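Asks: Taken in order, these protein sequences are the chains called A and B.
Plus 91 on top of the position in the first sequence (first one is 1) and you've got this note's numbering.
Plus 100 on top of the position in the second sequence (first one is 1) and you've got this note's numbering.
Check each hint, because a few of them may be wrong.
Mimicking DMTMM-like on lysine to aspartate or glutamate, the simulated pairs with C-alpha atoms at most 20 Å apart in a straight line are [claimed, not checked]:
no.	chain 1	residue 1	chain 2	residue 2
1	B	160	B	261
2	B	160	A	183
3	B	160	A	164
4	A	156	B	383
5	A	128	A	183
6	B	389	A	183
7	B	401	B	419
8	B	160	A	99
9	A	128	A	101
10	A	128	A	99
11	B	334	B	410
12	B	160	A	169
13	A	156	A	136
14	B	160	A	166
15	B	401	B	383
16	A	128	B	263
Just the calculated beta-carbon pair ranges, DEER-fashion [unchecked claim]:
no.	chain 1	residue 1	chain 2	residue 2	range
17	A	132	B	395	17 to 25 Å
18	A	165	B	153	22 to 30 Å
19	A	165	B	152	51 to 59 Å
20	B	260	A	153	45 to 53 Å
21	B	343	A	167	21 to 29 Å
22	A	153	B	445	27 to 35 Å
23	A	134	B	260	17 to 25 Å
24	A	105	B	153	47 to 55 Å
To give an idea of the chain A side of the interface with chain B (calculated C-beta under 10 Å), a few residues [said to hold, decoys possible]:
no.	residue
25	94
26	96
27	129
28	145
29	147
30	150
In case anyone wonders, no lab produced these hints; they're calculated from the structure.
This one's a predicted model, so the numbers in the text were calculated from it and none came from an experiment.
Backbone N, C-alpha and C fix where the C-beta goes; we use that ideal spot for every residue, glycine too.
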Amino acid sequence: MITVLRPDYEQTAAPLSLTRRPLTLAGATIGIVSNGKANSRPFFDHLEELLRRHWHVADVVRRTKANYSAPAERELIDEAVRWAVMFAGVGD
Amino acid sequence: MPLTAETLAIGDDDHVQRVFLERGWTDGLPIVAPTPERVEAMLAGAWFGPDDLLGVEPVKARVLTAEKAAINAVMAGCLPADFPVVATAVTALCRPELLVHGATASTGGCAILLVVNGPIRQELAMSSAHSALAGADRASVCIGRAVRLVLRNLLDVRPGELDRSTLGHPGKLSWCVAEDEEGAHPWQPLAAERGVPDGVSAVTAFAASGPRQIMNEWTTDPVDVLTTVVAEIKSTMLHYSIWAGNYAVVFPPQLRAVFHGAGWSKADIRQFVYDHAVVHRSDWEAVGKAAVVSDTNRDRKYRALPSPDDLLVVAAGGEAGGFAAVIPPWLGPKSAAVTEPIGVCVDC
Chain A
92 MITVLRPDYE QTAAPLSLTR RPLTLAGATI GIVSNGKANS RPFFDHLEEL
142 LRRHWHVADV VRRTKANYSA PAERELIDEA VRWAVMFAGV GD
Chain B
101 MPLTAETLAI GDDDHVQRVF LERGWTDGLP IVAPTPERVE AMLAGAWFGP
151 DDLLGVEPVK ARVLTAEKAA INAVMAGCLP ADFPVVATAV TALCRPELLV
201 HGATASTGGC AILLVVNGPI RQELAMSSAH SALAGADRAS VCIGRAVRLV
251 LRNLLDVRPG ELDRSTLGHP GKLSWCVAED EEGAHPWQPL AAERGVPDGV
301 SAVTAFAASG PRQIMNEWTT DPVDVLTTVV AEIKSTMLHY SIWAGNYAVV
351 FPPQLRAVFH GAGWSKADIR QFVYDHAVVH RSDWEAVGKA AVVSDTNRDR
401 KYRALPSPDD LLVVAAGGEA GGFAAVIPPW LGPKSAAVTE PIGVCVDC
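Please model the entire structure based on the sequences and the hints provided.
Replies: This is the structure:
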């Protein structure tokens, strides 16, 4: 029998709990966060149109990350707390 | 301090290989089983305790300890004497300016290139000669692989998981080169140019695309050699990314002789490349990228380097051959090369 040590990261922080999912998008404020790449724009334009026309959301807030290779900036994360749902995506 | 990583009791070495592969803990090559005895010896090689902090990866806020790095170094085949280089490279990975999260997650497919300077090269019998960019010696291969396993196991950089590289390149498996300081005299070593004192070993980490080899064996004029180098850099700017950032250029002895004969320093090379590695947005029209050329940007001028100091000039390679390598950045200025001294703090 060989005793070996785990090489991977051993989680020490308590796991995060998921927030409750909204039952409907109607009347909700939706956030869309683009990574800033050009191809994300037409995709999210279409998504916004669907949200407004078919899902009757109250508002769609569009934001773009400052650096598509880094996490969203603190101000954007703070703002996202006020949204019922957020879509985030890349546009390669 | 005792080791704190979770232990597994496994039947035999073949079973260790299978379990580690199944859990995604290896790159597919055989590993050395990380027993507590081997990990303790690895830590002792650099005078580290298990809970010594090498750094905190800033995006995931992951605390990277010497123990976990040592486990991966054992697996990679490192000897304890290699561990100071591995540990220092892990510290470099955690520097915010390297942006290792973005670099390793990007579709761009870069790898972390390590350049080693200082006396530790001789202590580890590292080679700077033939096949210098391709794992020319035991230590280079194992150190590069250890860093790759650290990325995989401590930062989840596995192909198809966090690693979203469209193609990647072979340097992702292991990429470490020792600079030929002695053969490059009177040039300064890379680390010395980046502020590390004489006699101190150091590691420079650079998020780099694959090397692009050039050849010019038909001149004794430095301008001719650098014109070829600049043409390759401009090609990269057109075919890959136009954005300015660190570039590395690796010169072997035969081409270094051209520069030494004409009295050119590394600083002279950097200035020449800075001045001449320039393209215009309209140049993209000729390489199939007209869709992103417009009347408002077509005359805009783009340099390869934000400043002359952003060119990393490295001496390495076998004695014969007029081959150099241009190593482009992952993606312009999003990641900056980091140089860390080994075993000392030079700014605290």
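Asks: Indicate, hint by hint, whether the structure satisfies it.
Replies: Taking the hints in turn, this is what the structure says about them:
no.: 1; hint: 160/B <-> 261/B; verdict: 15 Å, holds
no.: 2; hint: 160/B <-> 183/A; verdict: 23 Å, violated
no.: 3; hint: 160/B <-> 164/A; verdict: 14 Å, holds
no.: 4; hint: 156/A <-> 383/B; verdict: 29 Å, violated
no.: 5; hint: 128/A <-> 183/A; verdict: 7 Å, holds
no.: 6; hint: 389/B <-> 183/A; verdict: 15 Å, holds
no.: 7; hint: 401/B <-> 419/B; verdict: 38 Å, violated
no.: 8; hint: 160/B <-> 99/A; verdict: 14 Å, holds
no.: 9; hint: 128/A <-> 101/A; verdict: 34 Å, violated
no.: 10; hint: 128/A <-> 99/A; verdict: 33 Å, violated
no.: 11; hint: 334/B <-> 410/B; verdict: 16 Å, holds
no.: 12; hint: 160/B <-> 169/A; verdict: 18 Å, holds
no.: 13; hint: 156/A <-> 136/A; verdict: 16 Å, holds
no.: 14; hint: 160/B <-> 166/A; verdict: 18 Å, holds
no.: 15; hint: 401/B <-> 383/B; verdict: 10 Å, holds
no.: 16; hint: 128/A <-> 263/B; verdict: 19 Å, holds
no.: 17; hint: 132/A <-> 395/B: 17 to 25 Å; verdict: 20 Å, holds
no.: 18; hint: 165/A <-> 153/B: 22 to 30 Å; verdict: 24 Å, holds
no.: 19; hint: 165/A <-> 152/B: 51 to 59 Å; verdict: 30 Å, violated
no.: 20; hint: 260/B <-> 153/A: 45 to 53 Å; verdict: 30 Å, violated
no.: 21; hint: 343/B <-> 167/A: 21 to 29 Å; verdict: 23 Å, holds
no.: 22; hint: 153/A <-> 445/B: 27 to 35 Å; verdict: 45 Å, violated
no.: 23; hint: 134/A <-> 260/B: 17 to 25 Å; verdict: 22 Å, holds
no.: 24; hint: 105/A <-> 153/B: 47 to 55 Å; verdict: 21 Å, violated
no.: 25; hint: 94; verdict: 5 Å, holds
no.: 26; hint: 96; verdict: 4 Å, holds
no.: 27; hint: 129; verdict: 8 Å, holds
no.: 28; hint: 145; verdict: 31 Å, violated
no.: 29; hint: 147; verdict: 35 Å, violated
no.: 30; hint: 150; verdict: 30 Å, violated
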